[in-house]
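Colleague: Those protein sequence lines, which keep their order, are chains A and B. 3 is the number of the first residue of the first sequence in the numbering used here; add one for each residue after it. 3 is the number of the first residue of the second sequence in the numbering used here; add one for each residue after it.
Think of the hints as simulated: they come from the structure by calculation, not from any bench. Mixed in with the good hints there might be a few duds.
[Unchecked claim] As a list, the in silico DSS-like pairs of lysine-lysine whose alpha-carbon atoms are at most 30 Å apart: (1) LYS157(A) x LYS41(A); (2) LYS107(B) x LYS130(A); (3) LYS104(A) x LYS104(B); (4) LYS104(A) x LYS157(B); (5) LYS104(B) x LYS130(A); (6) LYS104(A) x LYS107(B); (7) LYS107(A) x LYS130(B).
Just so you know, these numbers come straight off a predicted model, no measurement behind them.
Protein chains: 2
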Amino acid sequence: MARILITSGPTRQYLDPVRFLSNASSGRMGQAIVAAALKAGHSVIVVSGPVQVRYPAAAEVIQVETTDEMLRACLAEFPACDGLIGVAAPCDYKPRRVAAGKITKTGGPLRLELVETPDIVATLGQRKNRQQWTVGFALESSDARFRALAKLEAKHCDLMVVNTPAAINAAESSIEILAPGGQVLASASGPKSRLASLVLKTISSQLMPAAPQQE
Amino acid sequence: MARILITSGPTRQYLDPVRFLSNASSGRMGQAIVAAALKAGHSVIVVSGPVQVRYPAAAEVIQVETTDEMLRACLAEFPACDGLIGVAAPCDYKPRRVAAGKITKTGGPLRLELVETPDIVATLGQRKNRQQWTVGFALESSDARFRALAKLEAKHCDLMVVNTPAAINAAESSIEILAPGGQVLASASGPKSRLASLVLKTISSQLMPAAPQQE
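Generate coordinates for the entire structure from the input sequences, incorporating the hints supplied.
Modeller: Written out as structure tokens, the structure is:
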């Protein structure tokens, strides 16, 4: 059985002590993937942004708030893991400058310059050794399969799970699982628990070495 | 007894179908104010942004997501109410343009122009009739009392409750209640339930007509 690093939930990037950029990721898909991985007999470490869901007690959980914090925690944990499932929806932009005090309204517009945050799945994809694997999630509002395959390649993923914004904060969803060549290995709609089982089953058949056969 | 309109929680302002601006307001102070108002015998209508807390069953609740939605709901309900307690932390900036599809990362910075959202407490403060009252909350990271008094005047409030960013998403907090002249009518630290009782008690003594005395 494997030791799996799972990221989950959103992250937050503050403009000032009060306001932040984020998204509505609830952590429910992450929770379902954690449960499915534990059920399959793997050991799980979760790095999670601020969510209301509770992860199964058998999972080790590291709480973070920003994308940089999530990356730091993942870099520390990944070397001891067999693989990564990046379910989190980290903020991919952050303000170039964070105001020390609450920004006061002036009556005029506020120009904000956002810069990209580090990409967690891509960073771990570049650093993985030959035994390690990485699986990403791509949330796309259009050209989903095409964009997801481009992300798979850019992030050096072994598999990419594709879903749409309708999945955010919903109990049900629909996914496709893409291989590096672009083949759709599996697809399904339904409760996140069922989709999570399918993701784990696909990872197991595609990425995990078969157990040695007894003679 | 009065009919009180209470706003609670954060609002969200989307940049695209996935990303939004918000803040960590949990709705817990709103929840405590709703409970204190009901306990004092008032009828309560809550207009709430996305929160995890549950409001008491005796309160009527209208769920909203953006600041404009919160304002619309308040404008519809306020004429039938005796007063407003604006506990919500609505997003006060929104992107000038909202992208129809998820903004794709380019590798470069993203310049965002934010414009102010309408101020709900100020709008109702301007529209209130002689019998109606409005109470605001001011969250200030510095010069709290001075800035809160300026807000009280700008927003035509009858009272202003001052707190600090440490109050966000916390069970305990500390507040001061300012009158239009700048007098500190009350101040307290402790559980939000206790602070909420103090707010309601102060509203009752300062803003509600005394019941007619029997001879």
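Colleague: Could you run down the list of hints and mark each one as holding or not?
Modeller: Against the structure, the hints come out as follows:
no.	hint	result
1	LYS157(A) x LYS41(A)	holds, 28 Å
2	LYS107(B) x LYS130(A)	holds, 24 Å
3	LYS104(A) x LYS104(B)	holds, 28 Å
4	LYS104(A) x LYS157(B)	holds, 19 Å
5	LYS104(B) x LYS130(A)	holds, 29 Å
6	LYS104(A) x LYS107(B)	holds, 28 Å
7	LYS107(A) x LYS130(B)	holds, 24 Å
Consistency with the previously given hints is maintained throughout, with no hint failing.
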